[in-house]
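Asker: The lines below spell out each chain.
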Amino acid sequence: MTYPAGLKYTKDHEWIDLSGDRAKVGITDYAQQQLGDVVYIELPEVGAKLKQGQSFGTIESVKAVSDLYSPLSGEVVEVNTALKDKPETVNKDPHGSWMIVVRVASAAEAGALLDATQYTDLTK
Amino acid sequence: MEQATTTAPLKKTPLNSRHKSSGAKMVPFSGWEMPLEYSGIADEHMAVRTRAGLFDVSHMGEIEIAGKDALAAVQRISSNDASRLQIGQAHYSLMLTPQGTIKDDLLVYRLAAAHFLLIVNAGNIQTDYAWIAEHIKAAGDAVAVDASSRYALLALQGPRSLEILQPLIGVELGDMKYYRFVHGEVAGVRATVSRTGYTGEDGFEILIPPQSADRVWQAILQTGQSAGVMPCGLGARDTLRLEAGMRLYGNDIDETTTALEADLGWTIGWVKNEFDKTVGSAALRAQKAAGVSRKIVGFEMVDPGIARHGYDVCTGAPGAPPVGRVTSGTQTPYLKKAIGMAYLPVEHTTPGASFDVDIRGRRARARVVPMPFYKRGAHSNS
Numbered sequence: 001m002t003y004p005a006g007l008k009y010t011k012d013h014e015w016i017d018l019s020g021d022r023a024k025v026g027i028t029d030y031a032q033q034q035l036g037d038v039v040y041i042e043l044p045e046v047g048a049k050l051k052q053g054q055s056f057g058t059i060e061s062v063k064a065v066s067d068l069y070s071p072l073s074g075e076v077v078e079v080n081t082a083l084k085d086k087p088e089t090v091n092k093d094p095h096g097s098w099m100i101v102v103r104v105a106s107a108a109e110a111g112a113l114l115d116a117t118q119y120t121d122l123t124k
Numbered sequence: 001m002e003q004a005t006t007t008a009p010l011k012k013t014p015l016n017s018r019h020k021s022s023g024a025k026m027v028p029f030s031g032w033e034m035p036l037e038y039s040g041i042a043d044e045h046m047a048v049r050t051r052a053g054l055f056d057v058s059h060m061g062e063i064e065i066a067g068k069d070a071l072a073a074v075q076r077i078s079s080n081d082a083s084r085l086q087i088g089q090a091h092y093s094l095m096l097t098p099q100g101t102i103k104d105d106l107l108v109y110r111l112a113a114a115h116f117l118l119i120v121n122a123g124n125i126q127t128d129y130a131w132i133a134e135h136i137k138a139a140g141d142a143v144a145v146d147a148s149s150r151y152a153l154l155a156l157q158g159p160r161s162l163e164i165l166q167p168l169i170g171v172e173l174g175d176m177k178y179y180r181f182v183h184g185e186v187a188g189v190r191a192t193v194s195r196t197g198y199t200g201e202d203g204f205e206i207l208i209p210p211q212s213a214d215r216v217w218q219a220i221l222q223t224g225q226s227a228g229v230m231p232c233g234l235g236a237r238d239t240l241r242l243e244a245g246m247r248l249y250g251n252d253i254d255e256t257t258t259a260l261e262a263d264l265g266w267t268i269g270w271v272k273n274e275f276d277k278t279v280g281s282a283a284l285r286a287q288k289a290a291g292v293s294r295k296i297v298g299f300e301m302v303d304p305g306i307a308r309h310g311y312d313v314c315t316g317a318p319g320a321p322p323v324g325r326v327t328s329g330t331q332t333p334y335l336k337k338a339i340g341m342a343y344l345p346v347e348h349t350t351p352g353a354s355f356d357v358d359i360r361g362r363r364a365r366a367r368v369v370p371m372p373f374y375k376r377g378a379h380s381n382s
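Protein chains in written order, with this note's numbering: chain A, 1 to 124; chain B, 1 to 382.
Just so you know, the hints here were simulated from the structure itself, not pulled from any lab data. Treat the hints with caution; some may be incorrect.
[As the list claims (entries may be wrong)] Calculated lysine-lysine pairs in the DSBU-like style (CA-CA distance at most 35 Å, straight line):
| # | chain 1 | residue 1 | chain 2 | residue 2 |
| --- | --- | --- | --- | --- |
| 1 | A | Lys63 | B | Lys11 |
| 2 | B | Lys25 | B | Lys337 |
| 3 | B | Lys375 | A | Lys84 |
| 4 | B | Lys12 | A | Lys92 |
| 5 | B | Lys25 | A | Lys84 |
| 6 | B | Lys337 | A | Lys92 |
| 7 | A | Lys11 | B | Lys337 |
| 8 | B | Lys12 | A | Lys49 |
| 9 | B | Lys375 | A | Lys86 |
| 10 | B | Lys177 | A | Lys124 |
| 11 | A | Lys49 | B | Lys337 |
| 12 | B | Lys177 | A | Lys63 |
| 13 | B | Lys336 | A | Lys92 |
| 14 | A | Lys86 | B | Lys25 |
| 15 | B | Lys337 | A | Lys84 |
| 16 | B | Lys375 | A | Lys124 |
| 17 | A | Lys24 | B | Lys12 |
| 18 | B | Lys12 | A | Lys11 |
| 19 | B | Lys336 | A | Lys86 |
| 20 | A | Lys24 | A | Lys63 |
Because the structure is a prediction, the values reported are computed rather than measured.
Please take these sequences and the hints and turn them into a complete structure.
Answerer: This is how it looks when you write it as structure tokens:
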């Protein structure tokens, strides 16, 4: 698997696309493979305040339920509601299927995220 | 996403290395290392609904009962009426506790007038065998043998199963009725082939010697390639059986649920000879006379969300204690609905009745629907 170098990652298998104080968040290819066929996604409302590591939603495959953990503290400013109707997109295009956009509260938290090389090592 | 670790070594079917080399995702199941999925649960599920899928179910147990009084022995431990089985016929049945709850569910094959083969769940083989051996003593001249190590079991399921299997066997299969079986050679391997399954589709289950399992597995996949057969894992087996409304032992039925609560009264040989000697018969008669207070239902979700095994079911005001429990539930690939089974107080079991499922703290509305959810030939789906 290849992980885009432009993204950041967490050990909980989320990817983060940082742009200024905005962070787009999704789950990695590794995560979608572990989950299997995704059939349901529950996402927060715009305006929800998240702490780093806090659950912001759930993702369900045919066989299991998993929590989605916020990689950063901040406020949810956008939610990809289209995923609710097409959850299988997460399997087909995991790194293109963003779930939420967070307005990042702490630059220090963002600085501590994994890069693609570190994340690739983690999934080996 | 962590895998549970266990200390006991997992048992392996004769196809274990084949599954691994073919890229199946392996998981522990009832003490066995089994394929969960090959290409993905949804893909495999759709293959079985539209074409064909091949499953390794060699973890299932085989217990043979033979001897002059084998019929009387089977009648004692199995709820259905085995005297109605012709040689070459099989049926679904239950093993009951004295309380009428379910010790296991099984298929009973009549191999000869006084020789039966019982196919039981993997997790129950040892306890079933010990229990059978104990309970048939009083039936007279009959012995039980745990023959599980002598069999591998494959299931070929789906509308194209017949055309895939027929070229590999000398016996004419097209005329074979559901729940009948024949002996023959599949790909040159001696086999017992029954028209049975756990998916709601037409299909066959194939008992073969373990040392030949890989040969038959490969032959079916090769012959069936043009028909679109796919190797399938236990994940799809579970979603398929749930759509078909079939109970899963350990989830929907167990030693806390009676045959009547599980709505499996049709597996009880109420009028069979010496029914009173069948373990559990007295308790079931009493429960039938008194009526059940709870019963299993099929349901579909009305609100968004997926009800899963173990979730509480509520009918009262928020805060009221739960009245039942979901025993199986998922979003199924063919019907594309969140469906499940649950035990409910009998007054809430009418189709159309609604109730709430506690989905991780959120109450979501569900509606009772008749089972099976899926019946072959009754659905159109692109």
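Asker: Run every hint past the structure and note whether it holds.
Answerer: Here is what the structure says about each hint:
Distance hint between A:Lys63 and B:Lys11 is fulfilled; the C-alpha atoms sit about 23 Å from each other, no more than 35 Å. Taken as a hint, the B:Lys25 and B:Lys337 pair is honoured in the structure, with Cα atoms around 25 Å apart against an allowance of 35 Å. For a cut-off of 35 Å, the pair hint linking B:Lys375 to A:Lys84 stands: about 28 Å separates their Cα positions. A distance of roughly 33 Å separates the Cα atoms of B:Lys12 and A:Lys92; the hinted pair therefore holds under the 35 Å criterion.
Proposed proximity of B:Lys25 and A:Lys84 is supported: the alpha carbons are some 27 Å apart, at most 35 Å. A C-alpha spacing of about 21 Å is found between B:Lys337 and A:Lys92, which places the hinted pair at or below 35 Å, so the restraint holds. Straight-line distance between C-alpha atoms of A:Lys11 and B:Lys337 comes to about 32 Å, which keeps the hinted pair within the 35 Å bound. Proximity of B:Lys12 to A:Lys49 is assessed by CA-CA distance (about 49 Å); at most 35 Å being required, the pair is judged violated.
Our distance criterion of 35 Å between C-alpha atoms is met by B:Lys375 and A:Lys86, whose separation comes to about 26 Å. Only pairs whose Cα atoms come within 35 Å are accepted, and B:Lys177 paired with A:Lys124 is rejected, the gap being roughly 51 Å. Of the supplied pair hints, the one linking A:Lys49 and B:Lys337 holds, its CA atoms being roughly 32 Å apart against a limit of 35 Å. Only pairs whose Cα atoms come within 35 Å are accepted, and B:Lys177 paired with A:Lys63 is accepted, the gap being roughly 33 Å.
Proposed proximity of B:Lys336 and A:Lys92 is supported: the alpha carbons are some 18 Å apart, at most 35 Å. At most 35 Å may separate the alpha-carbon atoms for a hinted pair to count; A:Lys86 and B:Lys25 meet this at roughly 25 Å. Taking the CA atoms of B:Lys337 and A:Lys84, the gap is about 14 Å. The hint holds against a cut of 35 Å. Simply put, B:Lys375 and A:Lys124 have alpha-carbon atoms about 44 Å apart, too far for the 35 Å limit, and the pair is violated.
Restraint check: the Cα-Cα separation between A:Lys24 and B:Lys12 comes to about 44 Å, which exceeds 35 Å; the hinted pair is violated. Taking the CA atoms of B:Lys12 and A:Lys11, the gap is about 32 Å. The hint holds against a cut of 35 Å. This hinted pair checks out: B:Lys336 and A:Lys86 have alpha carbons roughly 12 Å apart, not beyond 35 Å. Only pairs whose Cα atoms come within 35 Å are accepted, and A:Lys24 paired with A:Lys63 is accepted, the gap being roughly 27 Å.
Violation of the numbered hints given earlier is confined to hints 8, 10, 16 and 17; the remaining hints are satisfied by the structure.
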